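> We have chain Y; now place chain P onto it with these hints.
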Amino acid sequence: MSEAMKTVKFKIYRYDPEKDEKPYMQDFDLQVPANKDMMLLSAIIDIKDGQDDSLAIRRSCREGVCGSDGVNINGRNGLACITPLSALKQPIVIRPLPGLPVIKDLVVDMTQFFRQYEKIKPYLMNDESLPAKERLQSPADRKKLDGLYECILCACCSSSCPSFWWNPDKFIGPAGLLQAYRFVADSRDTFTQQRLGDLTDPFSVFRCRGIMNCVDVCPKGLNPTKAIGELRSLMLREQT
Amino acid sequence: MVNNVTSYSGNGLRDWLLQRVSAYVLGFYLVFLLCVYFLNPSIDYALWHSLFANIWVKLFTVLALLSLLVHTWIGIWTVITDYVKVTGIRLLKEAIVMLALLTYLVWALVILWSM
Numbered sequence: 583m584s585e586a587m588k589t590v591k592f593k594i595y596r597y598d599p600e601k602d603e604k605p606y607m608q609d610f611d612l613q614v615p616a617n618k619d620m621m622l623l624s625a626i627i628d629i630k631d632g633q634d635d636s637l638a639i640r641r642s643c644r645e646g647v648c649g650s651d652g653v654n655i656n657g658r659n660g661l662a663c664i665t666p667l668s669a670l671k672q673p674i675v676i677r678p679l680p681g682l683p684v685i686k687d688l689v690v691d692m693t694q695f696f697r698q699y700e701k702i703k704p705y706l707m708n709d710e711s712l713p714a715k716e717r718l719q720s721p722a723d724r725k726k727l728d729g730l731y732e733c734i735l736c737a738c739c740s741s742s743c744p745s746f747w748w749n750p751d752k753f754i755g756p757a758g759l760l761q762a763y764r765f766v767a768d769s770r771d772t773f774t775q776q777r778l779g780d781l782t783d784p785f786s787v788f789r790c791r792g793i794m795n796c797v798d799v800c801p802k803g804l805n806p807t808k809a810i811g812e813l814r815s816l817m818l819r820e821q822t
Numbered sequence: 025m026v027n028n029v030t031s032y033s034g035n036g037l038r039d040w041l042l043q044r045v046s047a048y049v050l051g052f053y054l055v056f057l058l059c060v061y062f063l064n065p066s067i068d069y070a071l072w073h074s075l076f077a078n079i080w081v082k083l084f085t086v087l088a089l090l091s092l093l094v095h096t097w098i099g100i101w102t103v104i105t106d107y108v109k110v111t112g113i114r115l116l117k118e119a120i121v122m123l124a125l126l127t128y129l130v131w132a133l134v135i136l137w138s139m
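So the protein lines, in turn, are chains Y and P. The working numbering applies: residue 583 is where the first sequence begins, and numbers increase by one. The working numbering applies: residue 25 is where the second sequence begins, and numbers increase by one.
Here chain P stands alone, though its shape is the one from the complex:
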């Protein structure tokens, strides 16, 4: 057993599972956005505003944002722990990634709920 406190869940199986589930959510969200893009001849503010005013679109977007956080955290954490062997630099990089991801999440939530 190898312990690690900076991995997303601390459990390899749970991280692995979450990364796969979040990949599906992100995949579906991407398809949804592409459909919006290609099914509308022109995309303007009014369309964008009415789209994100819909509660289901909001919920789907929040789900996609959470998935992005989880998926990226697990993925980037794996890359960092593979390649960065100096403890101080590794912790710094992990902290930057995690804080950036949390900032993006909160920022996106603020934007989403102000529309």
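Next up, chain Y with everything else stripped away, as it sits in the complex:
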């Protein structure tokens, strides 16, 4: 007996700069098992396999860990691989992450995003002499990194932030700032003063107007606005 099926409607952003003059939205109908739920990424892969193999999307782990398949789903950024179809209103409108240059279809150029990440020096810096084995950290200090280290750099937050849209070359953006605070908060890092000093200009941190789009969309449930607030409080303490 064949499995009962239902139709799910999609509208997907298409743009191939080598062929298309302008981006356009393409309609797809997909037959999916009626009594099962599936993730959006699986549906997109089915469309790619069965209907149009020229559809471009980045994906890797399929389980919300690698951060490759960030897209704009019904107007809200998220990871396609952990968004169930049942949670979405039809037609499901899928666009690339906003504010970043489109390479093809749902694939965006993340250069500006990673350039901002690079600016905050996302690695431990310590000028004390090297210990014999490793730098130890108390469980209490380690706990301060919870809610910060889990970021997978999917860019859902930064690409939903208007301040990042308008100044992607000057404003670090929520993802970068969450990581900036992650290294400021780390007891093994001794460059807190320099890190804060590098961020006091009018753009890097202070373009954040606290509208919390980043918190709203983060697929890992993190809170960049709070981290930005912590950075600002530390700056106030150190520099006033």
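If you are wondering where the hints come from, they were derived from the structure by calculation, not from laboratory data. Keep in mind the model is a prediction, meaning the values are calculated, not measured. Possibly wrong hints are sitting among the right ones.
[Unchecked claim] The list that follows gives simulated cross-link-like pairs (lysine-lysine, BS3-like), each with its CA atoms no further than 30 Å apart:
{"no.": "1", "chain 1": "P", "residue 1": "Lys117", "chain 2": "Y", "residue 2": "Lys752"}
{"no.": "2", "chain 1": "Y", "residue 1": "Lys604", "chain 2": "P", "residue 2": "Lys109"}
{"no.": "3", "chain 1": "Y", "residue 1": "Lys671", "chain 2": "Y", "residue 2": "Lys593"}
{"no.": "4", "chain 1": "Y", "residue 1": "Lys752", "chain 2": "P", "residue 2": "Lys109"}
{"no.": "5", "chain 1": "P", "residue 1": "Lys109", "chain 2": "Y", "residue 2": "Lys686"}
{"no.": "6", "chain 1": "Y", "residue 1": "Lys725", "chain 2": "Y", "residue 2": "Lys703"}
{"no.": "7", "chain 1": "Y", "residue 1": "Lys701", "chain 2": "P", "residue 2": "Lys109"}
{"no.": "8", "chain 1": "Y", "residue 1": "Lys630", "chain 2": "Y", "residue 2": "Lys604"}
{"no.": "9", "chain 1": "Y", "residue 1": "Lys703", "chain 2": "P", "residue 2": "Lys109"}
What follows is chain P alone, placed relative to chain Y:
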């Protein structure tokens, strides 16, 4: 570090702090003006004149005017640098706002001290 010479103080933390402090000053000044308005049945020239002849009212008003300049400069500068990407037009708009704010300040000071 991103340098900018048209921002009010050139330092993001200082701008941010000044905008908050100036907001409090403007808020208190607004409450003061509303109190004057609602606690007096009729507002005439004599009342207005005697109010602004008081040195403390004058000082409070000057403080509010300075706060208005700082607060607006920082706020409008932020909006302009967000949305206006053509250098010439951006500089022109920044210059218009800053000159207008300075003009308002001097004009208000002249009025205040002529009363």
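> Hints first: check each against the structure and report whether it holds.
A quick look at each hint next to the structure:
no., hint, in the structure
1, P:Lys117 / Y:Lys752, "20 Å, holds"
2, Y:Lys604 / P:Lys109, "23 Å, holds"
3, Y:Lys671 / Y:Lys593, "12 Å, holds"
4, Y:Lys752 / P:Lys109, "13 Å, holds"
5, P:Lys109 / Y:Lys686, "26 Å, holds"
6, Y:Lys725 / Y:Lys703, "21 Å, holds"
7, Y:Lys701 / P:Lys109, "23 Å, holds"
8, Y:Lys630 / Y:Lys604, "21 Å, holds"
9, Y:Lys703 / P:Lys109, "28 Å, holds"
Going through the hint list in order, the structure satisfies each hint without exception.
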